[in-house]
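Enquirer: Taking the hints as your guide, dock the two standalone chains into a single complex.
Order-wise, the sequence lines are chains A and B. Each residue of the first sequence is one higher than the one before, counting from 1 in my numbering. Each residue of the second sequence is one higher than the one before, counting from 248 in my numbering.
You may find that some hints are simply not true.
A few chain A residues facing chain B, derived, Cβ under 10 Å [claimed, not checked]:
id, residue
1, T155
2, R186
3, D198
Footprint (simulated), chain A over chain B, 3 or more residues, beta carbon under 8 Å [to be verified]:
id, segment
4, 371-382
5, 449-460
Quick caveat, the hints were computed from the structure, so don't treat them as lab data. Using N, Cα and C, we set each Cβ at its ideal position, and we do this for glycine too.
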Amino acid sequence: MSMPSLEIKELAFAYPDGNQALFGVNLSIEKGERVALLGPNGAGKTTLVMHMNGIHPTAQGSVRIAGELVDAKNKDSLKQIRAKVGIVFQDPDDQLFMPTVGEDVAFGPYNMGKRGEELDAIVKDALDLVGMAEFKDRPPHHLSFGQRRRVAVATVLAMKPEILVLDEPSSNLDPASRRELADILRSLDITMVMVTHDLPYANELCERAVILKGGIIVADGSTHNILTNKALLEANRLELPVGFSIQ
Amino acid sequence: MVAVSTPITQWQAFIGYFIWVLIVAAIAKIPFTLLFKRALIEIPFIFFAILMPFFGTGERFQLGTFNLYREGLIAGAGIVVKGTLGVLTAIILSTSTTAREILRGLERLRLPALMVQIASFMLRYVNVVNDEMERMKVARESRGFEATGIKHWRVLATAAGALFIRSYERGERVHLSMLSRGYEGILPHDEIKKSSLRIWVLAILYPAIAALIFLTTSMIGNK
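This is chain B alone, in the form it adopts within the complex (with noise of 0.2 Å):
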């Protein structure tokens, strides 16, 4: 948040973002290919704003042989530049917790249970679910079933339509054994175990130290 109220023209804050963001990834021990590999997701995303500065209106640049558009150069810049960091925390945040530990925190912020709870029953089930469409695949396969092209979509929208059921079946089976378990409703979760003083400070610290670098950019940029 910090980093997206940040005004892309003060640039030298996003150096620093940018030196946090590798810093604590080097803490968390998250090897940097395995960072930048995982930050690929981002590409198809930041295709359109690499095009702004091309097409626009105002002010116009000569830069090498391209001729830009300046307000089209700073919010393409901007949203690269803001998405990348972006990208980049959520990549720390995924690799250094389980998905099982995110769900606790956000029980912990007070999000909705049955959102936890859905959110924890799709991450129990989409291996299975993938399994089963693996299954259904390799069956196709065994039959001589190549999806090559648009007609044999039908086949393909039958599949997934089985597996629709499939898994809404299972559904009613799961929910069948949680009933016979004596379901009412909530699901166990550890007691709540108070967060120590030390992970709140180092949780605070991420974006503290964002902060911090926003507030000594602005001053230096200010005198």
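Pulled out of the complex, with its shape left as it was, chain A reads as follows (with noise of 0.2 Å):
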């Protein structure tokens, strides 16, 4: 069996205020699944996912990536991290920081050290994943929402990750936008965390699911049969929206 994509043992983590996010969290994803990350607001859901590239620094505990530590006083082994765990933030105006698409795709492999020719093929490649190749040359701000969001998915994809990571994929997108965004996801052949309130999209998207709540992870198993325990989804404030039933 090839190594797990991603690795959590024992992480706990708390801010520099005292506020202590994560109390020892175990988690462990195979190549290739598609992992839906629950939780109630305040879960320490973004805290996890900014351990997962050593944006936060590990204090307690490990994170591997594909057998790699991450450890964020190594700085080339967390450029290396870097490039293999591809987050994709919620906001697409934090993420496309660059004037045209094209740059802003072009970004993380030129970090990585791609130039001329190579560079070209992987940012064309990236945005025809996500269908926005013909929007190469615009502005990030003349695109619609949606759109900038695939964007935002291509700037990423670019740097050929191993893990893609997408915090709340499906919000404030209209309903064609969302379910495009989900065909794209689906057509991806990467390993996945998807953090999201979504529940629907979560089970139609992922296999698997893990509630965190409180900092500690409650909950692993199939999303199916997370999403029909009902006492569970209580406990931990996840709901399905009204009239939403899973067979």
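Expert: Right, here's the structure in full:
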């Protein structure tokens, strides 16, 4: 068996103001799995994500990406890690900071040392994957929100990550954009962690779900089992939309 | 620069400059109405220059009903004419070239990369911040607030403060997302494309013709 894409062991973290966000998280995700990370607001989901590529230094416990330890002090390995973990942030405006879509997609691979024709090819491939190739020379603020979200995904795919981490991918999208993004995500052959409150979306895209609450993982299993367990959902402030049911 | 260093008394040169600026604008397919509309921005600056002939010292002379100072008139005219030329040139540059290309150009001209980066981020986020400001305004007005006088400044100042904090936090998030994609202090740019000779020649042409006008008119003047 190959190495898990993501392996977190006994990860604990407290913010400098003493507010402890994580109390020993254990999570292992195999290559190719799509996992929904669920949990109420303030459960520590974002904090956990920030550990996956060493933005928050690991204080206690360990995080491994494809076997490699995330160590915020080791600059060289950190660079590798950040290439392997692609995070798509919630607000595409935070992620798209270059003057044009194409340059933004080129940003990651450029930092990894890609140049010239190779870089152009990577940019084209990434934009093709999300169906945004014809917008290459447009400035991001001329795009719709859904398009920007897709470009944000492309900027990360361009780095050919081992694992794709999406923070609330369906938030603020209209139903059509939401479905289009789902189609794109489903078409990608990549390990995926999706932080979301959108339970139907998680059900649609992820075969496995974990619930994080109060800084620990309180449930880990098939998305179907978790979403049909009413007591579990209620205990964790999770609710399916009214009228929605899972057979 | 050529225009600025021409003495204002050499008035024939300035006629030449204006004609040349208009020709360039025509070549760049900038409608003249747009050119002049944008040139209106200059008015507050030349306002004082127009006043100069009325306040001054030295020789005076009569022009219609006005009693003017000659020195003030010459200096004022110099500011108005040279300022207008400068503004027109800047307008031609900004209308014919995208902001992004100007930044590229500055980078090529060895402006420190950091300054170019700051300018390009400003370019990217000015819309985002503007939208945010607009939304805050709508939110204020939806709750019945309308800024009419000085007593409302407190609210506006608070809003400006909130906007600043929000922008600052956005800056942090942007930086975070840059780090996540391996940012190490350099922004990528297309591999330096060598500007072709043609472009250089075209770029030199603008000041060169101006210089030519200067030289011819000074020779005519000296005769």
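Enquirer: Each hint should be assessed against the structure and marked as holding or not.
Expert: Evaluated hints:
1. T155: 7 Å, holds
2. R186: 24 Å, violated
3. D198: Because about 21 Å separates D198/A from the closest Cβ in chain B, which is outside the 10 Å limit, the hint is violated.
4. 371-382: holds (count 4)
5. 449-460: Contact hint for the segment 449-460 of chain B vs chain A: violated, 0 residues under 8 Å.
Violated hints, in rising order: 2, 3, 5; the structure is consistent with all others.
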